[in-house]
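Keeping their order, the protein sequence lines are chains A, B and C.
Numbers 1 to 309, taken from this note's numbering, label the letters of the first sequence in order.
Numbers 1 to 273, taken from this note's numbering, label the letters of the second sequence in order.
Numbers 1 to 473, taken from this note's numbering, label the letters of the third sequence in order.
The set of hints was computed from the structure by calculation and includes no laboratory data.
All values derive from a computational prediction rather than experimental measurement.
Everything hinted at is true.
In the BS3-like style, the derived pairs of lysine-lysine whose C-alpha atoms are separated by at most 25 Å in a straight line are:
hint, chain 1, residue 1, chain 2, residue 2
1, C, Lys203, C, Lys280
2, C, Lys61, C, Lys149
3, C, Lys283, A, Lys157
4, A, Lys157, C, Lys280
Interface residues of chain B toward chain C, partial, derived using beta-carbon atoms under 7 Å:
hint, residue
5, Asn37
6, Asn40
7, Ala42
8, Phe125
9, Thr129
10, Leu213
11, Asp218
12, Gln228
13, Asp232
14, Tyr234
Positions of the beta carbon are idealized from the N, C-alpha and C atoms, including for glycine.
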Amino acid sequence: MAGPPVKFHNSQLARQQRKVAYLLLAPAVIILLALAIYPLIYAGALSFRVDPLYNPKVARFIGWRNFTDLFEDSRFWASIRLTLYWAFVVVAIQMVLGFLLAILLDSKLRGSGLLRSLIIIPVFISPIAMGLNWRFIFEPVTGLANWILSNGLGVEKYSWLSHVDTALTTLMLVDCWQWIPFVALILLAGMQSISPEIVEAARLDRVRGIKYYFKIVLPLIRPVIMVVILIRLVDEIRMFDLNYIMTEGGPGSSTLLASTYDYTIFKHGHLGLMAAYGFLILILINGVVGIFLNTLYRSEKAARQEDMN
Amino acid sequence: MRSTMYSRMLFGLAIVLVFIWLVPVMWVVLTSVKPTNIINSAVPIFFDFAPTLDHYVEVFERFRFGRSMLNSFVTVGVSTLIVMIIALPAAYAVARMNLMHGDTWALVILSLRFMPGMVIVLPYFKIATFLNLIDTQIVLIVVYVAFGLPFAVWILRGFLLDLPKDIEEAGRLDGLSWIQIIFRLIMPMAAPGIAVTAIFTFVFSWNEFLFALFLTLDKGSTMPVALQKTIDLYNVLWGSLSAGAVLQLLPMILVVFLLQKHIARGLALGAVK
Amino acid sequence: MSGWDDLYKRTMAESKAMKEKISRRQMMKIMAATATTATVGMGSRIASADTKGPGWYTDDKMKGKVTMFVSAGQRWELPARGVLPLFNERFPNIEVDIQAGPHGEMVTKSMMLATSKSSAMDVLYTDFGQWPAFHAVNAMEDLEPFASKDPGWYDDYNKDTPTGVQYRVPANADGTLYGLTGDGNAKLHFYRQDLMHAAGIHKVPETWEEALEVAEALHNPDKDQYGFITTARRGGFAGWVFWGMLASYGGEWFDKQAEGGWHPTFNNDKGYKALETLMKLMKFRHPVTLNATDNECNTALANGSAVYAPIQWGTAVLQNPEFSKFPNDIGTDLVPRGETAESAHRPLMGGLGQYVSAYSENKEAAWEWIKHLNSGDYTDSRISDAYIEHTGQPARISMLNKYENIRPHFAGLKKSFPVAVSFVPLIPEAFTLSDIIGNEVTSVITGEKSIDDALKAMDKGVEGVMMDSGYYG
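Excised from the complex, chain A in its bound form (with noise of 0.2 Å):
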């Protein structure tokens, strides 16, 4: 029942139709195009020159170079890896919680409209401020976290941002701490979405329950997940703030993700470095999308077919 692209028999209002879709899709484009154009090529520029933003007298041109450096850096495939594994872990477990949060937030109980505002909060509030309570939080001796943990639960106290083994997992749970209310909400905005005619007859099929939701919303809401889970990858990959407030990459390199390795190359000035590591990430975004996309999105298209049949 997910809607395909309308498809009209007539040739000419079909013709007509694709004058119109152009005519409303113009302006997006060309907006984007005139903003992004100078900036790309710009940093295409860049990425194969040395550019000391703080002795900019010795720029030159250097051809592949910046690139090859990267290559033989252990540290940049270090953080390609990690970036990929830290994407692909905490998009399963946001998407996972993500829906069981939507499920129990899709209740017409009074009072429902309130909890949705309030689990939104985590989204909403400043990354910088919320990064820096976190450290706060985590810190040591003195944080709410081991307070809670070691009078609570009667766990050791635990330095969880200063140990290579747990530095990433504690971001790990801020992230998804964040970000699972967003999935959640745009999975329950999906979620009502379904007709009403849907909700009626699973409701007279006793169809209800996780049932309800595994059997019959999770395949109606499949061009919103898509969606989430592509633009969740997308901001994972590029994932910065919280990782650069709260760790800067470190203890070590134990949480050097691609973006923050990247900005700490602009911090250092090498402009013409820092471009071509974002182009590289470009190129591993563009990758991963083109992955997903192929495969899962195909399997959605199939899907949209047989429901036309």
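Using the hints provided, position chains B and C relative to the given structure of chain A.
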């Protein structure tokens, strides 16, 4: 009967979960009304202190939050409005019209969002200084449109794909033009999705830091930048930081409560049909 | 008897008297300042009949607007705002607009501003270590023509400000003046007198070996009391800890800081010794150390969970009763030295200062403003008072002397400046290099690399940057 019991239980669980979820946020709110020496105590102190509004006074007096707040409202408000006006037709075209390579277009639109911000910030800085737009709201509005648009188109696309397929045909039979179909039929039906998209477009710009930092100086700076000023090199002014975070959060909560109604109305309209 | 209580009471009484004189708005600013750093009384704050010095003059003919960009908060923005009313008194027709930005990304942002050749900023108030970069892009105005017009003031500034934190090209007493250093800092040795006495240690450690003994003696993790803390976060934070220790063992960044040199010299005995000693101290580290900036360190020292910080940037917050639980027990002294023959007390120093932008359209007025900001008692003792009262930390020795009774760590600064070395080499690439060595240091602490490998990587990384920048011809 069993069903209500069951849904009540679920709802109770949801309440407990939301409460736990918000503990860190409550901690921030609590910090914002604590005197400084209580904040810096060695053991977390929950309620045993005399609440103070000093930090709120401080963020306005010293960190000029009033001005930053106004800047934030103008830049983020205007850019969100522009984004929604442009994104809705585009998303509609991509999602529901028989567009050649519709998905490819959608991808092109999304691709700007792939670039790490720090690579883009430098060229924008150069353009802005060239046009003498540094420290103005215009440059931030432009950037927020550029970064908000792809996201909005994609989220909206998902919601529009979800709508029943026969709306357009019904509208066409009633003699409505495409624009009328979009604004009279699609918009009310997709209201929950549009509301959610608008909220998130708003919030991403609202909390955006990197561009706001580099493209403004002081007069044009937005709230995230003002907030960052509470972080001294030698100690963080936790009280002011938290007070600022709460002030930055309040308008967002307000927006959500206001839009909550629209989301409900959108549902009701769908039900009537 | 605690001198602090006494001073605190006196301040309170004085501030009551001051309230009548100061507008409400100014009061709010002062309150904002006191909220974070103890602003304690100065007898001289209640203006006596004649506070003016030989440098006092006024000029109502000079006109225009001066815009200054400065890091927000203590030490930089607030003191500047503090001395502004007196500037307005002297130059009623010059409008000074102080624009404050977050300190965190200041180095990157101010550099972008400088390279954009914008005339929007007349004065930039920036880090000492960054000045060579501004100079390299010709963003700074030569200040000699301005300064030489008032030889009395210039002489006083020169005598009072340590040469090591002055900005001159070349970096010696005869170099050309390009900026004024209003703010000075050095790595200091913070220790807990009460605990050391209790442990039977009555002497402040001189060498790193003695420092190790103190760290071990005071280390008591079962009671949440850790014997060592420092800023070992990735990047420059960790880099300057290592460089500080290396300096105390007689090490250097380069074989020679001149043509034909510029080859990094980390991978040698001194580098090994410094990193090895740091690793020994790390055995007693506070758990937050590896993710610690100055913020975390100061918080831990203030609440008592860390009790010893032998190599830590100077700050007033630890002796501020509102922030610290042990304002009277935390002592300051020189950073320890190594034990080898080449070792010496060589604390790192830095600071912040102002320069007049080469693109400014109002250089005369801009100069008057930064001169006022750095004039101290020579122009008017009220300027010094306001500077300190608004959390300033001057580089001028006379001011450190004058206020050390209310800012105890000034004594440590005063002792450090004469023997200190710059916290970065004075070249445009300074911060880039600091991050490179810092990242290698943290990888040793986390066990990713051995000391030898890290030192080799430092040399290689630094050499690569120097090569790109054309130092080897």
